[in-house]
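As a plain string of letters, each chain reads:
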Amino acid sequence: MERIYLDHAATTPVHPDVLKTMIPYFTDNFGNPSTIYSYGQEAKAAVEDARASVAALINAEPEEIVFTSGGTESDNFALEGVAYANEKRGNHIITSAVEHHAVLETCKFLEKRGFYVTRLPVDSSGLIDPDAVKKAITPKTILVSVMHANNEVGTIEPIAEIGKITREAGVLFHTDAVQTTGHIPTDVHELEVDLLSMSAHKLYGPKGVGALYIRKGKGRLVPFMHGGEQEKRRRAGTENVPGIVGFGKAAEIAREEMPKEVKRLTALRDRLISCILERIGNTRLNGHPVRRLPNNTNITIDFVEGESMCLSLDMEGICASTGSACSSGSLEASHVLLAMGLRHEQAHGSLRFTLGKWNTEDEIEQVITALSSTVARLRSMSPLLKNKS
Amino acid sequence: MSPVYSEKVMEHFKNPRNVGEMENPDGIGHVGNPVCGDIMELYIKVKDNIITDAMFKTFGCGAAIATSSMVTELVKGKSVDEALKISNSAVAEALGGLPPVKMHCSVLAEEALKSAIDDYKSKQKNKK
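Chains as they are written, first to last, in the numbering used here: chain A, 12 to 400; chain B, 2 to 129.
None of these hints come from the bench; they were simulated from the model.
Below, computed lysine-lysine pairings styled on BS3-like, alpha-carbon distance capped at 27 angstroms:
1) B:124 <-> A:397
2) B:115 <-> A:397
3) B:129 <-> B:86
Calculated Cβ distances over 10 angstroms to all of chain B for the following chain A residues:
4) 32
5) 35
6) 46
7) 169
8) 179
9) 228
10) 230
11) 231
12) 241
13) 247
14) 249
15) 301
These numbers come from a predicted model, not from an experiment. By construction, the Cβ of each residue, glycine as well, lies at the ideal position given by its N, Cα and C atoms.
Put together the whole structure using the sequences plus the hints.
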């Protein structure tokens, strides 16, 4: 069976050109970048080329990029690194209720160690009010962390507005941009962020590599990994050279293709959304209608539960998710949808489709057909749909 | 095919037995809540103290649908007292096991059955 993959927010396949660029760094160019002979220096040069490419993607300087093992490490490093570096100055962190678990769980961890965390609410479309950030800042505030775009509902947050506020207040500002770098224009100067998390495998790069942007002149973060002097003593451990090289190539391709891809995906997304809403009754779009990632469709489908829909669609060869890959398997409804004010049964009955580079219009048609029959089948079993079946 | 669920669970999910709302049931069980994301309704027909038919409607995950389907199969032909002895682990076992995180679905199926039998018994009392 031909499969249709619509979960690009969970992960993306590695682009063939990315893989091609990576392969020599497993074998011929296997050197450790910290060594002085030619093997090592060639690997080091490749890492620095990749750093320049990743920096260019977000309009940063290469030395502001620290390679990590992925988005989760970048988030952990940013929050803990700032918290421990500034604990003498303050102990208050501001974040939102809809962050990825990599931020929310790190906040919980820091709370146990004496930090105070304010979690700002969102409106029904998932947006944070920049004014609420302004009001929440106290003399003890050391960090604000708000995601660039939400991984479940695709809402793009007002990062530039929040950036202005934090800049004026002299508070460090971190954004988790795992869903946006390589997908929509992400410029650290326009956004006025001091720290920004990225992940390679969300933009057709390999898994196991990411980066944290750390703005120059904003003080030192307490390192997350201790050991060697790699990454200018900001992140110890021998570099994941093939991964980093792949990340660099993926960033380069993303930068070239972004304008065209944003247009193509937005059209495909809007078609998927309008077809679902028109052809399947009692469905609603979650997230912001316009301030939205070009590839994200998140729909509440009344009277049916998300996992059973995913399972049913999988039987038809369609890969979708109930929200976040990280929370499926748990019994709790999405914290994002609940924060947006959805009732529990609605939050349990939501599906996310995230489109990618190789999805076609024809696939979208097939998805709508399969979804219609899946929903009809499951609704006929649902006790929430009394005497209507 | 699905690494999460056993073949038997997937088979019952694809082709659930005894789905639908029963006309004039002798007992109705209603369990679960929207917070946990599973709601089950189970209907039974009883004749001479034997459960002659069982049907269900379920809002829930794949495991919730499969356990509902399985419990309606297990209960048919059993006496009311025998049916009360059907445990959640018997339902899970009949499905070739459930992932630990989904065991509560089998608990829900057992509770739905008990609740339907309770309803049947209280209706019988009222008749007398």
